[in-house]
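In order, the protein sequences belong to chains A and B.
Per my numbering, the first sequence starts with residue 20, numbered consecutively.
Per my numbering, the second sequence starts with residue 129, numbered consecutively.
Read the hints as simulated data drawn from the structure, not as lab findings.
Hints may be right or wrong, so weigh each one.
[Claimed, not checked] Calculated lysine-lysine pairs in the BS3-like style (CA-CA distance at most 27 Å, straight line):
no.: 1; chain 1: B; residue 1: K577; chain 2: A; residue 2: K131
no.: 2; chain 1: B; residue 1: K592; chain 2: A; residue 2: K131
no.: 3; chain 1: B; residue 1: K530; chain 2: A; residue 2: K126
no.: 4; chain 1: B; residue 1: K600; chain 2: A; residue 2: K131
no.: 5; chain 1: B; residue 1: K578; chain 2: A; residue 2: K108
no.: 6; chain 1: A; residue 1: K108; chain 2: B; residue 2: K620
no.: 7; chain 1: A; residue 1: K133; chain 2: B; residue 2: K592
no.: 8; chain 1: A; residue 1: K131; chain 2: B; residue 2: K589
no.: 9; chain 1: B; residue 1: K620; chain 2: A; residue 2: K131
no.: 10; chain 1: B; residue 1: K167; chain 2: B; residue 2: K330
no.: 11; chain 1: A; residue 1: K133; chain 2: B; residue 2: K530
no.: 12; chain 1: A; residue 1: K126; chain 2: B; residue 2: K534
no.: 13; chain 1: B; residue 1: K322; chain 2: B; residue 2: K169
no.: 14; chain 1: A; residue 1: K133; chain 2: B; residue 2: K589
no.: 15; chain 1: B; residue 1: K534; chain 2: B; residue 2: K600
no.: 16; chain 1: A; residue 1: K126; chain 2: B; residue 2: K600
no.: 17; chain 1: B; residue 1: K577; chain 2: A; residue 2: K108
no.: 18; chain 1: B; residue 1: K715; chain 2: B; residue 2: K636
no.: 19; chain 1: B; residue 1: K182; chain 2: B; residue 2: K169
no.: 20; chain 1: B; residue 1: K578; chain 2: B; residue 2: K649
no.: 21; chain 1: B; residue 1: K369; chain 2: B; residue 2: K356
no.: 22; chain 1: A; residue 1: K126; chain 2: B; residue 2: K592
no.: 23; chain 1: B; residue 1: K573; chain 2: A; residue 2: K108
no.: 24; chain 1: A; residue 1: K60; chain 2: A; residue 2: K126
no.: 25; chain 1: B; residue 1: K573; chain 2: A; residue 2: K74
no.: 26; chain 1: B; residue 1: K445; chain 2: B; residue 2: K408
no.: 27; chain 1: B; residue 1: K536; chain 2: A; residue 2: K126
no.: 28; chain 1: A; residue 1: K131; chain 2: B; residue 2: K530
no.: 29; chain 1: A; residue 1: K133; chain 2: B; residue 2: K534
no.: 30; chain 1: A; residue 1: K126; chain 2: B; residue 2: K589
no.: 31; chain 1: A; residue 1: K131; chain 2: B; residue 2: K534
[To be verified] The following label-pair restraints were derived from C-beta to C-beta distances:
no.: 32; chain 1: B; residue 1: I668; chain 2: A; residue 2: R141; range: 55 to 63 Å
no.: 33; chain 1: A; residue 1: Q53; chain 2: B; residue 2: G712; range: 52 to 60 Å
no.: 34; chain 1: B; residue 1: K640; chain 2: A; residue 2: R141; range: 42 to 50 Å
no.: 35; chain 1: B; residue 1: D593; chain 2: A; residue 2: R141; range: 22 to 30 Å
no.: 36; chain 1: A; residue 1: Q127; chain 2: B; residue 2: R646; range: 27 to 35 Å
no.: 37; chain 1: B; residue 1: V468; chain 2: A; residue 2: R81; range: 30 to 38 Å
no.: 38; chain 1: B; residue 1: F617; chain 2: A; residue 2: I136; range: 35 to 43 Å
Because the structure is a prediction, the values reported are computed rather than measured.
C-beta atoms are modelled at their ideal positions from N, C-alpha and C, and glycine is treated no differently.
Letter by letter, the chains look like this.
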Amino acid sequence: MAEDDPLMVRMYERAFSSSNYDLEVAFDGEEAVQKLEKMEKHPVLILLDVMMPKKNGFDVLREIKQNNNLKNIPVIMLTNLAGEEDAEKALSLGAVLYLVKSQYDPKQIVDKVKEIILASSRDEDVPEVSVEVKDIQDK
Amino acid sequence: MDIKLFNKKNSLHHQYVFIGIVVLLIMFTGFLVGQVIGKHKEIKINAEMYRLVKTFTNLIDPSKYSTIKSDLSDNQNANYIAIRKQLIEIGKINNEVGVRWIYTFVPRDGQLVFSVDSVEGPDHSEPGDIYYDASPEFIQAVNRVWTSKETAFVPPYTDRWGTFISVMTPILDINGDAVIGVMAIDLDYFYFYKKQITEAKKLPFVITFLVALIFVLVRLNKIFAQKKDKEYLNSVIDQEKHAEDMVIERTKELNDEKSRLLASINSLSFGFIIIDLNHKIIFKNKVVSDMFNLIENKDFFLEDVTSLLEKGNFIEKQVELCLKEKSVCKVKDIIFDKKVLHGVISPITTENDNKLIGYVFMLEDVTEAIAIERSHNEFFSIASHELRTPLTAIRGNSQMLKDDFKDKIVDTDIIEMISDIHESSLRLIDIVNDFLEVSRLEQGKVQIKKESFEIPLLVNKIVKDMDDIINKSGLSIILDIPNNLPKVFSDKAKVEQILINLIGNSLKFTKKGNITIRIEKTDNFLKIIVSDTGIGISTINQSLLFRKFQQAGEQILARDFTKGTGLGLYICHLLISNLGGSIGLVKSVLGEGSTFAFTLPIE
Chain A
20 MAEDDPLMVR MYERAFSSSN YDLEVAFDGE EAVQKLEKME KHPVLILLDV
70 MMPKKNGFDV LREIKQNNNL KNIPVIMLTN LAGEEDAEKA LSLGAVLYLV
120 KSQYDPKQIV DKVKEIILAS SRDEDVPEVS VEVKDIQDK
Chain B
129 MDIKLFNKKN SLHHQYVFIG IVVLLIMFTG FLVGQVIGKH KEIKINAEMY
179 RLVKTFTNLI DPSKYSTIKS DLSDNQNANY IAIRKQLIEI GKINNEVGVR
229 WIYTFVPRDG QLVFSVDSVE GPDHSEPGDI YYDASPEFIQ AVNRVWTSKE
279 TAFVPPYTDR WGTFISVMTP ILDINGDAVI GVMAIDLDYF YFYKKQITEA
329 KKLPFVITFL VALIFVLVRL NKIFAQKKDK EYLNSVIDQE KHAEDMVIER
379 TKELNDEKSR LLASINSLSF GFIIIDLNHK IIFKNKVVSD MFNLIENKDF
429 FLEDVTSLLE KGNFIEKQVE LCLKEKSVCK VKDIIFDKKV LHGVISPITT
479 ENDNKLIGYV FMLEDVTEAI AIERSHNEFF SIASHELRTP LTAIRGNSQM
529 LKDDFKDKIV DTDIIEMISD IHESSLRLID IVNDFLEVSR LEQGKVQIKK
579 ESFEIPLLVN KIVKDMDDII NKSGLSIILD IPNNLPKVFS DKAKVEQILI
629 NLIGNSLKFT KKGNITIRIE KTDNFLKIIV SDTGIGISTI NQSLLFRKFQ
679 QAGEQILARD FTKGTGLGLY ICHLLISNLG GSIGLVKSVL GEGSTFAFTL
729 PIE
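Go ahead and model the full structure; you've got the sequences and the hints to work with.
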């Protein structure tokens, strides 16, 4: 997970660890790229924030997709930028999902991640892209 | 002009004097010619008298005449009788040429004694009668004839028979040596002699009079024509002067009016340009000159202005379109020198026949307003993003507290507090989302991706997605959807958002009963109708429904129990406007329910 906000990092770490996932965190874009390149065992999925110091999420995504070793790892953009054009840009660069953090509980994010990992392990197409759909259940 | 007239008046007097002089000259000439002709006539008559008297004398036989004694005994003398008869005949013949009397006489003892008198009647003088009242000139003439044997002329004289002139000649004896008598002929002075001369003088007088008359008439005619011309000219000048005064007065009024109008237009805060149909700028106010750094007092055309603009400002095409429609229209924002200008074109038409004569182009510099709006929107965007992150943490952590620490947290108050925190975070996130969406819609930043799709399928999907919440509400959903509906061409996600909003509203405001979703086909649209059996909306609030921050509460301060932002229907309204449809409240009755509907264009 590339995420600069410690609040977010702590929350998602708890959520993923309680679901028995190991979460490796980078706190800026550059660190994310460096860590990915150095990791001996590649992650099964990458969660990318957009607004980050040093290098933004789109640039990181672009580098991942240009790297032959990393390009097959599914990437979910996890951000609070809710613009449609941002979502479109992410998907066109190769992200499988564009999720607006505030719209989901951490557990829901974990569920989405599970779905993607499952689908990619079965070599299936990833579920339809989700972009900022209002969750009226919570109103 | 006045000076000229004065001169003309003067020249008119001169002309009268000129005519007078010329007439006098003509008449004087006539008089002179008359005098000459009269004299000529006089000479002619005299010469004729000389000739006649000599002729008459030659007719008399001197041998016979010598027998006449010039006394009463002659009445028995046959020669006397014959000569008298002869003279009477001659007199009759020559009466026409003015000869009044023919007679002969002799001087005797200092007196004149008649010998033969051709006169008949009471005026007849017998032989031997004495011509006692002969004038001295007559007597002198007789003496001259008697002594010198020459013919003599007697100027006018008066005796008992009247006024005459006479010519006399001697009667010589048979040898021609001695004077034996004097023959005289009288011409009536007044009734013939003078009359003849006067008549002779008349002709030149009449001719000169006529000439003078013609001259006077011609000159007067000319003068009257001039006078008439002058009067006409004066009246024209008067009229011109009046017209000139009127023009000056009206011009002043117009100038005053123009000044006021100009001052008003120049005091406008926006650019104001009047352009004719050839796109020539007839008038521009100061704002325009400042806006485009134009030079004053120079002719400009629309293209002069547009040539200053950056590429992509296709004003001309928009102007043509606007003029064709003859209606006021906005042009696309104009970018000039880092300025953003709002432009409005307003065609100018004549009042009577609505004929297009030009157009007004109004320009407003909105650079600052846009900058403020942009910073406002950017603030909104950043604020929304920055708000979401902590809200996400509150939402996520409170949710995990509730789920993951159920066993550890047993105090119901704490559990309730955590739930409240979680719910509050959700509500806040909704508010932020709505704010951001409204901001994006108002900025026109929302992209519309149209596609062809079937509305019934979408409705079914939404109802299925909302299954949980519908079940929880205890309401039933009724779908009234006919078969074989045409597809719509629209943005599926946006339509879904609108439908979710409307159904969501119905769920929020309905305690019991049902929610009906009906679809109808009109000419070019599909109409999607969502009705419920909820609380309904009062008439007062119905008009406020699609405005910002409005909810169907009775009062602004008295909020409803649904805890929404009041932006939902406003967002729907903005979305449907972008989709080329319309949305509205069909009907609503308090306590009975509400019916909303929106339309979408058919494929």
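Assess, step by step, whether the Cα of K573 (chain B) is no farther than 27 Å from the Cα of K108 (chain A), and give holds or violated. Holds, at roughly 15 Å.
Is the Cα-Cα distance between K133 (chain A) and K534 (chain B) 27 Å or less? Roughly 24 Å separates the two Cα atoms, so the pair holds.
Satisfaction of hint between K534 (chain B) and K131 (chain A), Cα-Cα up to 27 Å: holds (23 Å)
Check the following: the C-beta atoms of Q127 (chain A) and R646 (chain B) are separated by a distance inside 27 to 35 Å. holds (34 Å)
Taking only the CA atoms, is the gap from K578 (chain B) to K649 (chain B) under or equal to 27 Å? Between K578 (chain B) and K649 (chain B) the Cα gap is close to 20 Å, so the pair holds against 27 Å.
For the pair supplied as a hint, K126 (chain A) and K534 (chain B), confirm whether the alpha-carbon distance does not exceed 27 Å. holds (15 Å)
Below or equal to 27 Å on CA atoms is what counts here, so check K131 (chain A) against K589 (chain B). Distance ~20 Å between K131 (chain A) and K589 (chain B) Cα, so the pair holds.
Outcome of range test on Cβ distance (V468 (chain B), R81 (chain A); 30 to 38 Å): holds (34 Å)
Would you mind confirming whether the straight-line C-alpha gap from K182 (chain B) to K169 (chain B) stays at or under 27 Å? holds (20 Å)
Does K592 (chain B) sit within 27 Å of K133 (chain A), going by the straight-line distance between their CA atoms? holds (23 Å)
CB-CB spacing for R141 (chain A) and I668 (chain B) relative to the 55 to 63 Å hint: holds (59 Å)
Is K60 (chain A) close enough to K126 (chain A), meaning Cα to Cα at most 27 Å? Roughly 25 Å separates the two Cα atoms, so the pair holds.
Consistency note: the structure conflicts with none of the earlier hints.
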